[in-house]
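Put together the whole structure using the sequences plus the hints.
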Amino acid sequence: MEHLKNKSFLFCLLLICLAKICTSLPSNYPQNQTQTSPSGKKHFVLIHGAGLGAWSWYKVATLLKDSGHNVTALDLGASGINPIQIQQLRSISQYVEPLTKLMVSLSPKERIILVGHSMGGAVISTFMERFPEKIAAAVYVTAFMSGPTLNYSTILTEVNKRLDYLDTQYRYDNGTNNPPTSFLIGPKALALKFYQLSPAQDKTLVSSLIRFSPLFNYDVIKLTKEKYGSVRRVFIVSGQDQTIVLDVQNYIIRNNPPDEVKVISDSDHLVMISRPLNLFYHLQNIAEKYS
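With mature numbering (1 follows the signal peptide of the UniProt record, and there is no 0) as the guide, the letters of the sequence shown map in order to residues -24 to -1, 1 to 267.
Fair warning: there could be bad hints in the mix.
Here are the computed lysine to any residue pairs in the SDA-like style, where the Cα-Cα straight-line distance is at most 20 Å [as the list claims (entries may be wrong)]: (1) K77 with N46; (2) K164 with Q177; (3) K265 with G16; (4) K77 with I197; (5) K238 with Q260; (6) K35 with P252; (7) K203 with Q260.
These are calculated hints, taken from the structure and not from any lab test.
This is the structure in structure tokens:
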């Protein structure tokens, strides 16, 4: 059973506070609501990486909101404070349902800036294929930038060649004779590979709130040049990332060239936590450039 349960009252209170900053799409979200931002401002939709949640964006979401942007940070299935348990997830569509609900609720003329971190990049790639007309730009923050010329499994293979998962745990909900269905990043892996440059208090936060993440094969969703390829893409490189190391990030960029590459040289894998101001600066620039 996941360690997320049996949290103390203090962490329950913390989650409530963070939820006010980085909210998941509520169950009563009005499907025909037209979301507006101040003149010249954008609607950012932030998608977390494996094991994380909307809470991981709390620094960047606050900076964007304080600048007048509309920000939606989502908890995907069995992530963050989403009540679904990992053993209940059976499909990609179930996992990404919160983002699907948001996308179909957008007004016909609204276009968002869709940001994905880490394995969340595979998620935003599928939505570029499904809703290209609703996305002004897609931003990959040291992320799986799969596309028509570079599939998800190839990126995963390149990552796995170079990443020691150390004390990471795996679940086999389809039986031990089948591939693992989900994984939980262990304390040693977090410390050495994921957040080695992040502040101490944020390391405690991540270690306390991380959950099992599903293992799906995103290659089942075909990405095309006509739809996926019509969306402008920006890749943000993390120079000190020990999870998707620089060599792999450059491999992704070479094999699926984006419209633009930006670099944060001194950030770890959790860019939004280790270097939030740098990431905010780049997102502001993207908001001004891609409308």
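How the hints compare with the structure:
1. K77 with N46: 17 Å, holds
2. K164 with Q177: Holds, at roughly 17 Å.
3. K265 with G16: Roughly 11 Å separates the two Cα atoms, so the pair holds.
4. K77 with I197: Distance ~18 Å between K77 and I197 Cα, so the pair holds.
5. K238 with Q260: Holds. K238 to Q260 sits at ~12 Å (cutoff 20 Å).
6. K35 with P252: 6 Å, holds
7. K203 with Q260: The hint is violated at about 25 Å.
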